[in-house]
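Chemist: Chains Z, C and Y are the protein sequences, given in the same order.
So that you can map any letter, position 312 of the first sequence is 312 in full-length UniProt numbering, and since no number is skipped, the others follow by simple counting.
So that you can map any letter, position 60 of the second sequence is 60 in full-length UniProt numbering, and since no number is skipped, the others follow by simple counting.
So that you can map any letter, position 324 of the third sequence is 324 in full-length UniProt numbering, and since no number is skipped, the others follow by simple counting.
Hints may be right or wrong, so weigh each one.
Identical copies carry no separate label here, and so any pair may be met within one copy or between two of them.
Listed below are the simulated SDA-like cross-link pairs for lysine to any residue, each with C-alpha atoms no more than 25 Å apart in a straight line [said to hold, decoys possible]:
no.: 1; residue 1: Lys237; residue 2: Tyr171
no.: 2; residue 1: Lys71; residue 2: Ser346
no.: 3; residue 1: Lys237; residue 2: Gly251
no.: 4; residue 1: Lys71; residue 2: Leu218
no.: 5; residue 1: Lys71; residue 2: Asp342
no.: 6; residue 1: Lys220; residue 2: Ala97
no.: 7; residue 1: Lys71; residue 2: Asp196
no.: 8; residue 1: Lys71; residue 2: Glu347
no.: 9; residue 1: Lys237; residue 2: Pro144
no.: 10; residue 1: Lys220; residue 2: Arg195
no.: 11; residue 1: Lys220; residue 2: Ile66
no.: 12; residue 1: Lys71; residue 2: Gly251
no.: 13; residue 1: Lys220; residue 2: Ala184
no.: 14; residue 1: Lys237; residue 2: Glu118
no.: 15; residue 1: Lys237; residue 2: Ser26
no.: 16; residue 1: Lys220; residue 2: Glu129
Calculated from the structure, these hints are not laboratory results.
Read off the chains here:
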Amino acid sequence: MAGSSALARHIGEVALIDHHVHGCWSEPGDRRRFENALNEANTEPLADSGFDSQLGFAVRAHCAPILELPKHIDPQVYWERRSEFTESELAQLFLPAAGVSDWLVDTGITSGTTDIAEFTALSGNRAHEIVRLEQVAEQAAQAPGDYASAFEAILNERAPGAVGTKSILAYRGGFDGDLTEPRAAEVAEAADRWRDLGGTRLQDRVLLRFGLHQALRLGKPLQFHVGFGDRDCDLHKANPLYLLEFLRQSGDTPIMLLHCYPYEREAGYLAQAFNNVYLDGGLSINHLGARAPAFIARLLEMAPFRKILYSSDGFGPAELHYLGATLWRRGIHRVLHDFVEDGEWSEADAIRVVDLIAHQNAARVYRLGAG
Amino acid sequence: MAGSSALARHIGEVALIDHHVHGCWSEPGDRRRFENALNEANTEPLADSGFDSQLGFAVRAHCAPILELPKHIDPQVYWERRSEFTESELAQLFLPAAGVSDWLVDTGITSGTTDIAEFTALSGNRAHEIVRLEQVAEQAAQAPGDYASAFEAILNERAPGAVGTKSILAYRGGFDGDLTEPRAAEVAEAADRWRDLGGTRLQDRVLLRFGLHQALRLGKPLQFHVGFGDRDCDLHKANPLYLLEFLRQSGDTPIMLLHCYPYEREAGYLAQAFNNVYLDGGLSINHLGARAPAFIARLLEMAPFRKILYSSDGFGPAELHYLGATLWRRGIHRVLHDFVEDGEWSEADAIRVVDLIAHQNAARVYRLGAG
Amino acid sequence: MAGSSALARHIGEVALIDHHVHGCWSEPGDRRRFENALNEANTEPLADSGFDSQLGFAVRAHCAPILELPKHIDPQVYWERRSEFTESELAQLFLPAAGVSDWLVDTGITSGTTDIAEFTALSGNRAHEIVRLEQVAEQAAQAPGDYASAFEAILNERAPGAVGTKSILAYRGGFDGDLTEPRAAEVAEAADRWRDLGGTRLQDRVLLRFGLHQALRLGKPLQFHVGFGDRDCDLHKANPLYLLEFLRQSGDTPIMLLHCYPYEREAGYLAQAFNNVYLDGGLSINHLGARAPAFIARLLEMAPFRKILYSSDGFGPAELHYLGATLWRRGIHRVLHDFVEDGEWSEADAIRVVDLIAHQNAARVYRLGAG
């Protein structure tokens, strides 16, 4: 952090709640796996180096020193140095360095990554579960008896140990179209059809809608993947404005819009329009690297300051869990320092907003105790 | 304004024409009303403080000194100080401080706000009327006889005293879909149907289209609410690109695209594409607060400089009528100062563009005399 | 270029490949023609001066010195000075000053502009042809015999002398809707229908789709006009996200997304998502003038650095071919200098990325030899 102002010091030290994150790799892998993890959108093997991107440059700038390498070290040396460690050792270096007190872990992807207990052990911090709705659906499809009852039973069984739910509707048809609650008969019919097809990778709209309304009923914060992701997602259908009608009927359940790029201004508008809507810039901040400050500034437009959260959306290499925090600290400092310099904000205001985004909003909305 | 350059002095002193504004509150209200007025998008009582937003921070930064409070004073003190004045007294403090010569007042919302005569008296400036088309429609629905004739009669009666018209089509179904002129029989049929339902809150597409084409025929500037507003508006249907076909058939009548966030770049494109299209950033500038300069810079992209206007869209608290002017002056200075510093513009060019946006474009398009 | 760093010197001297450009004017014209050429979007005679825009200001700032006039000279003097030269003389001043080694010329518009041989002679550089698919279609419509065979024959005859193809689908219905390969019978039927109507200005969707798939089969880079253009284009249908399904089926043929404003962030996402997708900011950079750096920065967000190219999209006045290069050099310096200052990139990285965008990516993708 440039500067030694009270604001800079505070941002450098503030504890974060990373309200949307996945596990770290738990198994060894080759350089190809690592470079592909530096590209979010492409689902095929990369033709070029994953290092030749903002994220790749940011890893070399900010993660290299954690491995006792100079900033901007070249990719080959970075890879060789990284290979001297196991993934667990890397997690033990990068996770604590992030300055996070609580990680809210989406457990919907499990293969080859750490579970919550491992994550807690490696980071030395608290970890909490976010239940993925499509996973509950797939479990219900394999359970005996009535689908709707099975879904409710599984959700109610998992919910007490979890702090929220998550939907990847963006990857399963997108937001546009009807998102009202389906009738019981429709659900039963759709479930029969899906079970006959094997009951895997839920794409049925009726059942997706059913899951969302179960999550609303549960009342714990409901996260939505929004915007930027891999190319299986039709990005234009992941525009959160298509959620408008759903949000109008969502009651008091907190709705968390994740990632949001390039729709962060639309998401900010929704956070102003609805008492129960929140947003973050996880995933995007890592991939934007040197351009993250401009994005973080846009998150601070229409959204009230009590509606913005921090997350990294780290997944796979432990670098990403650390880098999210580092880029956010650098970016929010750049943005708020300028607001203060310009006479638009007081430094005390800036420090207060840092606390809101860093942890207070997440602690309040997810009802996280002091631990 | 930072700096003492000729540009900074000119921006600080230039008289503005605020080409889209509403009345100030004429009745006393409580803190809840005030805080809700700091949030545009939410139509429900706020769960959090309206002060915790860019607009709230901007009020504390720039309006507090008008009430002889320090910049960034805390919300409670601001509210208490504000409560020592009547709304009329506040208007008499804030309106003249805006440095506006002419206010173009949308009289479509009347309850609890000042009318044109009161506005003139409180500000000490000229005020002119903008006639809201949906209000004319609702008056025509209540009038005896043929709807179309009644609409034309009312519009023609009100037009000589007005400088333009306004449509809130964005709130009544949005821009996408057919916007051609309906046939007389369609209009008559739709009017019968609407009158049977009571003839309030016009939402009938045929009658909305009828009103737009009457306004085109009148030839006075026609304002459109575009983009950002409250959540009754489907924001994605308020994208001005959906007006393309209508604009292609709009002839010479000036079309004014208001607010525009987050579609200001699309609106700028339309201002380049059509001789009769103009844009402003009213409402958005207030709500963006410390982020207003970035938005003002985007207004200066594709739009020719003779197509950009100033407005505040102030409505309710007189702070907003003042703040719009203050944030615009600060923002345009920031942006143009940098253009000049970079060697991209001369200072003389910058001063000329300030005059165009501040008042010359509005005076020309609305045919405002020297008064 | 401000500054005398190694980065600034490198950017000032680096040779460019302008991978998308049109001819210069070959015939004399009046001031009206010149001013209209400063406005891309409007297809009607301008009501106001074309100089009152970012592009107009940029011409006065950066082109005036090439004509030995002071920066920011007023439009009248600029026009008078320009009128002392023929268009060929202007081309001989402006083209070599751009610092371009290779021009890739779209020969789809021919009236009143230089052909490839003239362009080579005037610039003193290499020039290569890009074949416009809709032009091939119109030639096939006029050829005897089966349309599909004629199209293939013409394309195969022209291809060996060309380095790529281009589609203006954006102007002929836009990207949304089916873009799969049509069946032979459909093509034959559509061709008959079109030929009966005269076979000019292709708008038939079936035949447009046919041409795209012929270009994919050819395998040379296929350029798409994306986003910003003149008002015949429905801008919202030129959003490159509507190409997603087509891109998923495009195999290895390089797809070049041109211009992209205001969808450059969406285009950058596609360049990350697909190994074969590239983007540039030609046309937009010229029209953005003093605002070009902000746009160039957004091009450097999600797109991997081996997927970004340089172009001017110059067409008509030779000023535009020069200005594109000048604004790009100034803008990329501004952006990368800040990344280096902030400690996000090393200067060596910045220089390497400049080389990639300036010429290496284009040389690799279009297989341009050392000449």
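Chemist: For each hint, tell me whether it holds in the structure or not.
Modeler: Now for the hints, and whether the structure bears them out:
1. Proximity of Lys237 to Tyr171 under the C-alpha cut-off of 25 Å is found in both arrangements, the shortest distances being 9 Å within a copy and 22 Å between copies.
2. Taking CA atoms no more than 25 Å apart as the test, Lys71 paired with Ser346 passes between copies only; the shortest distance there is 8 Å, against 33 Å inside one copy.
3. For the homomeric pair Lys237 and Gly251, the shortest alpha-carbon distances inside one copy (23 Å) and between copies (24 Å) are both at most 25 Å.
4. For the identical chains of this complex, Lys71 and Leu218 are neighbours neither inside a copy (46 Å) nor across copies (44 Å), given an alpha-carbon limit of 25 Å.
5. Proximity of Lys71 and Asp342 under a CA criterion of 25 Å is satisfied inter-copy only: 12 Å between copies versus 31 Å inside one chain copy.
6. Neither within a single protomer nor between protomers do Lys220 and Ala97 lie at most 25 Å apart by alpha-carbon distance, with minima of 29 Å and 48 Å respectively.
7. In this assembly of identical chains, Lys71 and Asp196 lie within 25 Å of each other by CA distance neither inside one copy nor across copies; the values are 55 Å within and 67 Å between.
8. When the C-alpha separation of Lys71 and Glu347 is checked against a cutoff of 25 Å, the pair qualifies only between copies, where the shortest distance is 12 Å, while the shortest distance within a copy is 30 Å.
9. Neither within a single protomer nor between protomers do Lys237 and Pro144 lie at most 25 Å apart by alpha-carbon distance, with minima of 34 Å and 44 Å respectively.
10. For the identical chains of this complex, Lys220 and Arg195 are neighbours neither inside a copy (28 Å) nor across copies (46 Å), given an alpha-carbon limit of 25 Å.
11. Proximity of Lys220 to Ile66 under the C-alpha cut-off of 25 Å is found in neither arrangement, the shortest distances being 36 Å within a copy and 44 Å between copies.
12. Taking the shortest alpha-carbon separations for Lys71 and Gly251, neither the intra-copy value of 48 Å nor the inter-copy value of 38 Å comes in at or below 25 Å.
13. Taking CA atoms no more than 25 Å apart as the test, Lys220 paired with Ala184 passes inside one copy only; the shortest distance there is 23 Å, against 54 Å between copies.
14. Proximity of Lys237 to Glu118 under the C-alpha cut-off of 25 Å is found in neither arrangement, the shortest distances being 35 Å within a copy and 47 Å between copies.
15. In this assembly of identical chains, the alpha carbons of Lys237 and Ser26 never lie at most 25 Å apart, being 33 Å within a copy and 44 Å across copies at closest.
16. Taking CA atoms no more than 25 Å apart as the test, Lys220 paired with Glu129 passes inside one copy only; the shortest distance there is 12 Å, against 49 Å between copies.
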